[in-house]
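Peer 1: Residues per chain are reported as follows:
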Amino acid sequence: MKTPFSEYLTQIAPSVKKAIEDLSSDHDYVSALCTDSKGLMIRVGSKAKTVSNKTMTTERGVVIRVCKNRKYSEYAVNTADWNDTAAVIKEIRDQLSMQDRLLESTETNVFETDPLDDDPCEFFGQKETGMLPEEADLKTLVNKLTAISDKGMAMNDKMIECIARAQSTHISKMFLTKNRDLRQSYVYSEGIVAAVVASDGRIKEDYRSVSGIKGPELFDEMEEILPDVVNGAAELLGAESIEPGEYDIITSPEVTGLIAHEAFGHGVEMDMFVKNRALGAEYIGKRVASDNVTMHEGALCAEDVTSYFFDDEGVMAGDVTEIENGILKTGICDALAAKRLGTVPTGNGKRENFSHKVYTRMTNTMFDSGTYSKEEMISSIKYGFLLEGMQSGMEDPKHWGIQCIIQKGREIKDGKLTGRVVSPVIMTGYVPDLLGSISMCSSDREVFGSGGCGKGHKEWVKVADGGPYLKTRGRLG
Amino acid sequence: MKTDEIIELLKKSGADAWRITDTVKKGWEFYFIRHDLDQNRSKSLENILITVFVASKDREYVGSASAEVGPDETKEYIELTIKDLIFQAGLVKDKYYELKAPAQDLEIPDRDIDLNAISADFINTFKSIPETEETYMNSYEIFVSSVERRIVTSTGTDVTEKYPVSLLDTVVNAKNGDHEIEFYKLYDSGECQKEALKADIGKTMEHGRARLRAQNTPNLEKCDVVFSSEDALRIYELFKDGLDTSFIYMKYSPFKKGEPIAEDVKGDKVTLRALRSVEGSSLNRVTDEEGSPIKDTLLMEENVPVSFHGSSRFSYYLNEKDTFIVGNYEVEGGSYSAEELLKGPVLECVFFSDFQVDTLTGDMFGEIRLAYLHEADGTVRPVTGGSVSGNLRELISDMKMSRERTLYDSAIIPSYTRIAGVTVTGAE
Numbered sequence: 126m127k128t129p130f131s132e133y134l135t136q137i138a139p140s141v142k143k144a145i146e147d148l149s150s151d152h153d154y155v156s157a158l159c160t161d162s163k164g165l166m167i168r169v170g171s172k173a174k175t176v177s178n179k180t181m182t183t184e185r186g187v188v189i190r191v192c193k194n195r196k197y198s199e200y201a202v203n204t205a206d207w208n209d210t211a212a213v214i215k216e217i218r219d220q221l222s223m224q225d226r227l228l229e230s231t232e233t234n235v236f237e238t239d240p241l242d243d244d245p246c247e248f249f250g251q252k253e254t255g256m257l258p259e260e261a262d263l264k265t266l267v268n269k270l271t272a273i274s275d276k277g278m279a280m281n282d283k284m285i286e287c288i289a290r291a292q293s294t295h296i297s298k299m300f301l302t303k304n305r306d307l308r309q310s311y312v313y314s315e316g317i318v319a320a321v322v323a324s325d326g327r328i329k330e331d332y333r334s335v336s337g338i339k340g341p342e343l344f345d346e347m348e349e350i351l352p353d354v355v356n357g358a359a360e361l362l363g364a365e366s367i368e369p370g371e372y373d374i375i376t377s378p379e380v381t382g383l384i385a386h387e388a389f390g391h392g393v394e395m396d397m398f399v400k401n402r403a404l405g406a407e408y409i410g411k412r413v414a415s416d417n418v419t420m421h422e423g424a425l426c427a428e429d430v431t432s433y434f435f436d437d438e439g440v441m442a443g444d445v446t447e448i449e450n451g452i453l454k455t456g457i458c459d460a461l462a463a464k465r466l467g468t469v470p471t472g473n474g475k476r477e478n479f480s481h482k483v484y485t486r487m488t489n490t491m492f493d494s495g496t497y498s499k500e501e502m503i504s505s506i507k508y509g510f511l512l513e514g515m516q517s518g519m520e521d522p523k524h525w526g527i528q529c530i531i532q533k534g535r536e537i538k539d540g541k542l543t544g545r546v547v548s549p550v551i552m553t554g555y556v557p558d559l560l561g562s563i564s565m566c567s568s569d570r571e572v573f574g575s576g577g578c579g580k581g582h583k584e585w586v587k588v589a590d591g592g593p594y595l596k597t598r599g600r601l602g
Numbered sequence: 031m032k033t034d035e036i037i038e039l040l041k042k043s044g045a046d047a048w049r050i051t052d053t054v055k056k057g058w059e060f061y062f063i064r065h066d067l068d069q070n071r072s073k074s075l076e077n078i079l080i081t082v083f084v085a086s087k088d089r090e091y092v093g094s095a096s097a098e099v100g101p102d103e104t105k106e107y108i109e110l111t112i113k114d115l116i117f118q119a120g121l122v123k124d125k126y127y128e129l130k131a132p133a134q135d136l137e138i139p140d141r142d143i144d145l146n147a148i149s150a151d152f153i154n155t156f157k158s159i160p161e162t163e164e165t166y167m168n169s170y171e172i173f174v175s176s177v178e179r180r181i182v183t184s185t186g187t188d189v190t191e192k193y194p195v196s197l198l199d200t201v202v203n204a205k206n207g208d209h210e211i212e213f214y215k216l217y218d219s220g221e222c223q224k225e226a227l228k229a230d231i232g233k234t235m236e237h238g239r240a241r242l243r244a245q246n247t248p249n250l251e252k253c254d255v256v257f258s259s260e261d262a263l264r265i266y267e268l269f270k271d272g273l274d275t276s277f278i279y280m281k282y283s284p285f286k287k288g289e290p291i292a293e294d295v296k297g298d299k300v301t302l303r304a305l306r307s308v309e310g311s312s313l314n315r316v317t318d319e320e321g322s323p324i325k326d327t328l329l330m331e332e333n334v335p336v337s338f339h340g341s342s343r344f345s346y347y348l349n350e351k352d353t354f355i356v357g358n359y360e361v362e363g364g365s366y367s368a369e370e371l372l373k374g375p376v377l378e379c380v381f382f383s384d385f386q387v388d389t390l391t392g393d394m395f396g397e398i399r400l401a402y403l404h405e406a407d408g409t410v411r412p413v414t415g416g417s418v419s420g421n422l423r424e425l426i427s428d429m430k431m432s433r434e435r436t437l438y439d440s441a442i443i444p445s446y447t448r449i450a451g452v453t454v455t456g457a458e
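Protein sequences, first through last, are from chains A and B. Per my numbering, the very first residue in the first sequence carries number 126; after that it's consecutive. Per my numbering, the very first residue in the second sequence carries number 31; after that it's consecutive.
Hints were generated in silico from the structure; no laboratory data involved. There is no bait here: all hints are sound.
Restraint ranges, calculated between C-beta atoms of paired labels, are given here:
#1 Pro139(B) to Ala211(A): 32 to 38 angstroms
#2 Glu293(B) to Ser366(A): 19 to 25 angstroms
#3 Arg218(A) to Asn246(B): 53 to 59 angstroms
#4 Leu328(B) to Arg226(A): 46 to 52 angstroms
#5 Asp225(A) to Glu332(B): 52 to 58 angstroms
#6 Glu163(B) to Glu371(A): 32 to 38 angstroms
#7 Lys157(B) to Val469(A): 30 to 36 angstroms
#8 Glu232(A) to Asp208(B): 29 to 35 angstroms
#9 Thr543(A) to Asp208(B): 43 to 49 angstroms
#10 Glu137(B) to Asp225(A): 37 to 43 angstroms
#11 Ser150(A) to Asp135(B): 51 to 57 angstroms
#12 Ser367(B) to Thr543(A): 45 to 51 angstroms
#13 Thr185(B) to Phe248(A): 47 to 53 angstroms
DSS-like mimics (lysine-lysine), calculated; alpha carbons at most 25 angstroms apart, straight line:
#14 Lys157(B) to Lys583(A)
#15 Lys193(A) to Lys56(B)
#16 Lys583(A) to Lys233(B)
#17 Lys179(A) to Lys264(A)
#18 Lys269(A) to Lys125(B)
#19 Lys41(B) to Lys105(B)
#20 Lys299(B) to Lys325(B)
#21 Lys583(A) to Lys192(B)
#22 Lys583(A) to Lys56(B)
#23 Lys583(A) to Lys228(B)
#24 Lys283(A) to Lys125(B)
#25 Lys233(B) to Lys215(B)
#26 Lys143(A) to Lys196(A)
#27 Lys55(B) to Lys179(A)
#28 Lys264(A) to Lys87(B)
#29 Lys196(A) to Lys142(A)
#30 Lys276(A) to Lys281(B)
#31 Lys125(B) to Lys172(A)
#32 Lys411(A) to Lys454(A)
#33 Lys269(A) to Lys113(B)
#34 Lys193(A) to Lys303(A)
#35 Lys41(B) to Lys123(B)
Beta carbons are placed, not taken as given, at the ideal position from N, Cα and C, and that holds for glycine.
Between the sequences and the hints, there should be enough to build the whole structure, so can you do that?
Peer 2: What follows is the structure, given as structure tokens:
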């Protein structure tokens, strides 16, 4: 079925448009992003369970953005009574005037920016879904997750907890200006199964996830990943520490996605170019990776949790080729940064929710596939590791340093997996070195969307990333 | 719909217990590129979190379900939501627990929070930071909020607190010709801590200058590492989380009251105390997020757990009275001077990409952005790149702490923490 659009947003649209009209009388640009996203979260463990309507992206509210005399200001609200538009407008004007007086008293200069473009556009997009989170059969879902948790606990005597967590969000967003009226609705869902094992004073945890632009019907896929999760966690109990050093490595698609995200996701977010915070700005048109590397970013380049029709600034979704055969072609850009840089936005302006500022953010960040099989890649390695499972990552866009925390490495000797496992693994290094030594890419690829991404250590948004298996060389500790 | 009206609906709902948390937040935000205003923002938000509990007749099980609703929802929607929550809570069969009885004689300070004045303090503080051509503020973001939180429960708790919360996102750059680096840092606080902020940014600029001349970290294999920045908070969180009733109940933590947490300790032992108030902290509250009163409480003394802390649910399971969710805390100073702890050979790490300690497994890791390598002969040189790793649970028996302590927003911890046997992967 087509995902229904929020009745609440439809109802407040005329009032919000009235406010835009009024504010436009003395502002050079006015827009409103209105959100109403409902959700469902169920977390079942052997000792504690939770049911909630709150997910990372549930929200309801309106943010008004204005530009006056080349200065941008915003007012975000969920306490407004849109039946009394005059009062809302007065509050917006009062709040922003108070801030203006403060900025004047502190003699603050403005980073002046032209008004954003406001070309006429009307759009109404609804993605298909099998089910809505607010209409899901909770009893069946709780029973399903309980069965997964129970089964997981029984699979290994070292298990101390098995958690099955499912969440689904029905997104409705409306972007309005004087000339634009864009509305979209879709449902995305994600499921995670995590196993915690303990033995001889050691505690280890492993997890797998599923995600997609689907309704709660996605949770049917969770039981399939359970054996891998339990076996993976048990395996970690016997894992050894890695001998620090530089190794030939093969990254699994999940780790490939982490590298994509940290290396040329954050590294080419162009709001960082405006602040002179990204080395990538100096490398457009230059080699940053081996010939084997082509990378895409955009809501259109995969169908996963962040594959929207338009972004939070009313820019239609895109598919940007960031790296083509090793050459950095371009970055991704929000609308305000694009105006400042004299370029075009790419549909990557995102907010944590309506009450947060827009930054340039990732959507789907993907390495393209190659021509090899995973087996061919393993057999090409004299000594090294196959890296699996991602925990976290961090980048240094000014210096192109990268930190990837990886769940485990499987030892490869003379082209074969030996069965020895090392964990955890921290991979660090200089991005062009890491990408420059990519020598093989597998012909398949996967996308993962169960994670969140921060700008620094805040502003959490949904992202997806992935790609094929990659063979490269990296520093592991 | 007003909170009081929702409370009336909950009273009539048939739920065995319920809790409602109404959070009203007014926020001002200012974003700067160098010292020019990128944009200014204002926000007015209210979120109401409703949790209902449904118990089995024999009190063997209880289930809970929660929903966040906005202030503009209709009575019909709230009634339907509460009905759904009661049904959902009935699907959850957890071991029985109860909400706490209301705290008596709470003294809630009446605070007047002036967003304009706090914002002005921050803006003026940043303008007054001494900069040079070599070190300067690349950008910063100022978030100032006034939060009013009301917690009401079916057991009689009804407590409202108002408090300021501030957050700064800062980027300090250092450059030498074409060579330029940055340090990114977040600061939490209640109101503006002007002098502490200026001093810390000044220190970051010093580190920036050091990083410009830093060489690649050598491969040190196993060595002593000193943590002398706020990253050391992650180390002490292993102790704090290990004392949490949820960790104890879930068997995620091996800590037992009265039993030392480590054997054959060669270094210092940890004494950790929860605090209700710390000057300037963003977490100064009279009650925790469930309405339980926060008190100064000794949690661990000389590596021996004394009290547990945590939510009412897991505290009920462990029969722990008077518990609360810890915000502010302090760790007592150790027995060493800074000079003793920095005696080489030792790697003093001051900036990581993202230093983490997994408090479940004890694994720790972080890419080194800047460290100082103190050699045995007393020479010191800045290094960058590579990483530290190890399992903190296995390393805490040889941990030394300085007598001198440092306040990081809500925690006071030893200024220098030295751990032996950390794996250092070089970048050479």
